[in-house]
Amino acid sequence: MRPGKLLLIGAHRGAILVYVVFALFPLFWLLKVSVTPNDLLYSEGVRMWPSRTTFEHFNFVIAHSAFPTFFKNSLIVSGATAVVVTILASLSGYALSRFSFRAKYWIVALMLITQMFPLVMLVAPIFKMLSPLGLTNSLTGLVIVYSAFNVPFATFLMQSFFDGIPKDLEEAAMIDGATQFVAFRQIILPLTLPGIAATLGFVFTAAWSELLFALMLISGNDAATFPVGLLTFVSKFSVDFGQMMAAGVLALIPACLFFLLIQRYLVQGLTAGAVKG
Amino acid sequence: MASIDIESVRKSYGPFPVLHGVDLTIRDGEFIVLVGPSGCGKSTLLRMIAGLEEVTSGDIRISGNRVNDLAPKDRDIAMVFQSYALYPHMSVADNMSYSLRLRKTAKEKIASAVGGAAAKLGLEPLLERRPKALSGGQRQRVAMGRAIVRKPKAFLFDEPLSNLDARLREQMRAEIKKLHADLKATSIYVTHDQIEAMTLADRIVAMHGGVVQQVGSPLELYDTPANLFVAGFIGSPGMNFLEGRYVVPGEGKGAGIRLSDGTVVPVASRTGIGPDATVTLGIRPEHVVISDTGMLEASVDLVEPTGFGIILHLSLHGLPFKIFTLDREALSAGPTVRVDFPQKYLHVFDDKGDRVG
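Residue numbers (the working numbering), protein chains in the order written: chain A, 3 to 279; chain B, 3 to 359.
The following block holds chain B by itself, in its conformation from the complex (with noise of 0.2 Å):
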């Protein structure tokens, strides 16, 4: 098991700069997930630790050492591709011996390796199969199979779930976190998934624009978002957004946003921001509380039962609104509903998009 540093590094593909500077520290045994849309750079972080892209500049030391100039196979590191990558010709057992057979290792070792990690896995009927004969959970298995066979540094996942369907996605996501919880090591994890950022990290680092935006505990990213990327992105159905002006304490009332229709939503005094200045207030779906004496009125479009809860689409100020309550009673909304913000759920952002107080 190892620690990962990544110090200042970038990656310019010729001109075209697609990371810009990436700082983070990945302690041992901790699982970090990689999160953001496509394009931000999370998977060519990924495959820059796992040597299959060149640093363009910067460090990155895995226990200490830096490995910028190693090739992939002298970090040892296991990779988990989204495609699983398993070999066509070879036989599970196979595919997942190869690693030790490259580098040698005696027979009865390959094979007990191989034999405990299938176990693990619950591949044991399956090791004589060749991958074209396994449905897709099972290669992903194989491919996980693969990668715990030998006892590597770090694991790295790029996006490993996003070829299964839902059910299948939620039980193996169930499944890396008891291996995990196992085995203790190391493990990057790539995905835009932020469902599966939530419930596997010990810590996220939401990217964007080849820039991170912000590294924190899963609890941490949704309670207190550092900018409006990560308060849009983190959270489903995502945060509500409203601008506004920034309304100094004083003369009896306290702080408040003034909205465009001249509503002023109180919310805590915060430092830093001027008056009058432009502010993009945020409140998640679930924190909105429907009130007959609400102050805001928003128009209904659509109502979405999932089953678990109910998502309100409604117009506020002509913006698209939404709710989420696990109340019934909104099923029979009418054509408008009065709305509150409780004042410790709200956000507030600067005309920079960084969070303010």
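Same shape as in the complex, but just chain A (with noise of 0.2 Å):
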């Protein structure tokens, strides 16, 4: 190999690794801390490791924070979130593709306005809607906010993967004695589970780390998701570093399982919908 080429590909793979170190460094830092003794938190300077290692903090947060409910309120409204948004995106995506009806310019239009606001502009009408509800500080309003947030940058996910199916192969469905939804249901939902795990994972990930409106719907602790639990170990006077490390450690293995699963459709559907969307 000529050391031109050689160099070349030095480069490539060194950018490639600085790139991986940079972005798995927070991680690394967050196991760190996690497993660090609070004697040792200031006292050992800026080190890579600790001289010492301990899986209190862990303990302290599984049994005898409200952790547990945290996870279990986030795990819930995630996983709802994801179900319900993959669901409805998967109905108005595929309409989007297929269909061609009056309104359609403008229902896309809207929905891509919808994706333009910053949401901190919606905390306090959102509010007020949901408070006379009584969906305040409940799971089930948050399940409906993100639902609705999510919904229109899924639809488009979805659509792409729709587009990217021949639309003869529904018409052959219909000639062989379907309807259109049995066609819907049976030949094309199979071929878009790559785009389903895609979604799935994109609106799971996205509503398990939502910060901003758990903590301005949510007040107490029985429906506080693991972002607005995270911080109540920040306290008036101090910040339980090596609890508040864990628990983030421990909220990411859901993340990280579910995307081990989806992965092999993901990767598929991600380079799927990018070329033939």
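Think of the hints as simulated: they come from the structure by calculation, not from any bench. For glycine and all other residues, C-beta sits at the position ideal for the given N, C-alpha and C. You can trust all of the hints, since none of them are fake.
Below, computed lysine-lysine pairings styled on DSS-like, alpha-carbon distance capped at 30 Å:
| id | chain 1 | residue 1 | chain 2 | residue 2 |
| --- | --- | --- | --- | --- |
| 1 | B | Lys122 | B | Lys186 |
| 2 | B | Lys134 | A | Lys169 |
| 3 | B | Lys155 | A | Lys169 |
| 4 | B | Lys122 | B | Lys155 |
| 5 | B | Lys106 | B | Lys155 |
| 6 | B | Lys122 | A | Lys169 |
| 7 | B | Lys153 | B | Lys186 |
| 8 | A | Lys169 | B | Lys153 |
| 9 | A | Lys169 | B | Lys179 |
| 10 | B | Lys122 | B | Lys153 |
| 11 | B | Lys106 | A | Lys169 |
| 12 | B | Lys111 | B | Lys186 |
| 13 | B | Lys109 | B | Lys186 |
Label pairs and their computed distance ranges (CB to CB):
| id | chain 1 | residue 1 | chain 2 | residue 2 | range |
| --- | --- | --- | --- | --- | --- |
| 14 | A | Pro28 | B | Asp167 | 52 to 60 Å |
| 15 | A | Val241 | B | Asp96 | 54 to 62 Å |
| 16 | A | Gln265 | B | Ser114 | 41 to 49 Å |
| 17 | A | Ile109 | B | Tyr15 | 17 to 25 Å |
| 18 | A | Ala105 | B | Asp356 | 45 to 53 Å |
| 19 | A | Thr56 | B | Asp96 | 55 to 63 Å |
| 20 | A | Leu213 | B | Asp96 | 46 to 54 Å |
| 21 | A | Phe24 | B | Lys109 | 53 to 61 Å |
| 22 | A | Ile109 | B | Lys109 | 42 to 50 Å |
| 23 | A | Asn61 | B | Asp96 | 51 to 59 Å |
Build the complex: two chains, separate frames, hints provided.
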């Protein structure tokens, strides 16, 4: 191999390495702090790994804090949002991809506009709307709000997957004796699994890490999701970094598991959607 | 099996008309080929029969029943798509049995129907495979199998062979013809390939610009094309056209066409056409005779040996002109040749392009 080419490959790999280190360093720091005993946290200076490690923070977080409740709430909210949004986005994405109807242009424009608002602007009006309905301080309220915010983008994502599936397939199914809905369910949906996985993953993580609305709409510990719960480790006089980071590490687990499960579809899905959409 | 009647069928997309009133009766068991260039409306007509496009006005009847408002699934027709449209997540057997499963047919019946169709098409060893593990020709067969597995009232084919290579296309063409002879099913076949049209059809429907130009047996269209479009579209290499003026018979001379250089090409006398009327003379490349005493001289631009015969590309009065001959001597044609037009092979079209006489 010529030295020039070797150098190029080296630079390429080097750049990737730098990027990966840069992206993963905060996660590493999270892990490092979570296993550092409290007494070493400030006394050892900046070290890449503490001289002694401990699991006491994890123990505390699991056994003595409200973290399990936060975790359960987050799981319910994110899971429900992901399922609700994916179902709605599949149906609306299919409609946008396959049907031509009068208000189509305006509906698409409207959905795009909803994506342009800074969410902060909407906190007060949404609180005002949810409050009389008894939906503040409730997981249902959060699911509704998250679903509303995620449906437009998820719809466009699903639409690009449906666009990539030839129309001939449904037409063949309809001639074979299926109604349009049966053709959608039996022929098109199975072929859109990568897209569904991508949408589920996207919405799940978006809801899992959402802080602003969770903070504004939820006041007690009972309905708090984990990003809100993390703030309970910050008290007036101190921050329990060890426990906070331990909770953070635990909170990463479901998201990681989820992506591990769907990554096969996701890679296929994101590229397929990108090229064909 | 069924007859299909198409009565004054029109189709517009918004303000744009694509079919301008088509009338056609397809008899029970007939093999009809819709042929024409891209955009002539042939696929649209097929899709309207299938129920995949709405009918703007007019009626479509299958076995006498108006089907305009019936969903595709209720029309009991089968269709083979250009893209094959096989379900990628199903095995060949599942692809073929899908329509029967939707109809809740008994398992044993499905197995025997799929087995029968697979045997007919030589698909037995492939039944468990997914479509992506098949070659183009095999996919085509599966698409055919999916159509014949339930016995529909009619088969619709939308350019089913255009994704295959030449050899495979020829083979599948013969198989489709055999299959039709075997099943005797009413079939409508859309293609832009006139060889497919000529070889498969009981009757050809030539379409252009959303209008049916001529309906007839392949040889009728070949021998007596109704207008310039059909004359030029059917046949390969295509018919030669020369502009001229009609000379009425008289003073001991027969009728003729006077070409731009003054040469009068004798033609049989025609009625319904006035003296000196502008006409187009047509002659097929294989009917032109090369002869030392020929009345017209043409310069040779190009000699194309096809193996089977030879195509001579000529310039006649500055216009392109082709000759097809089996005579190998044509390979050594000089810079010019003299040609004759036998009267019985001449076609005359009036200034509107319609056949005269």
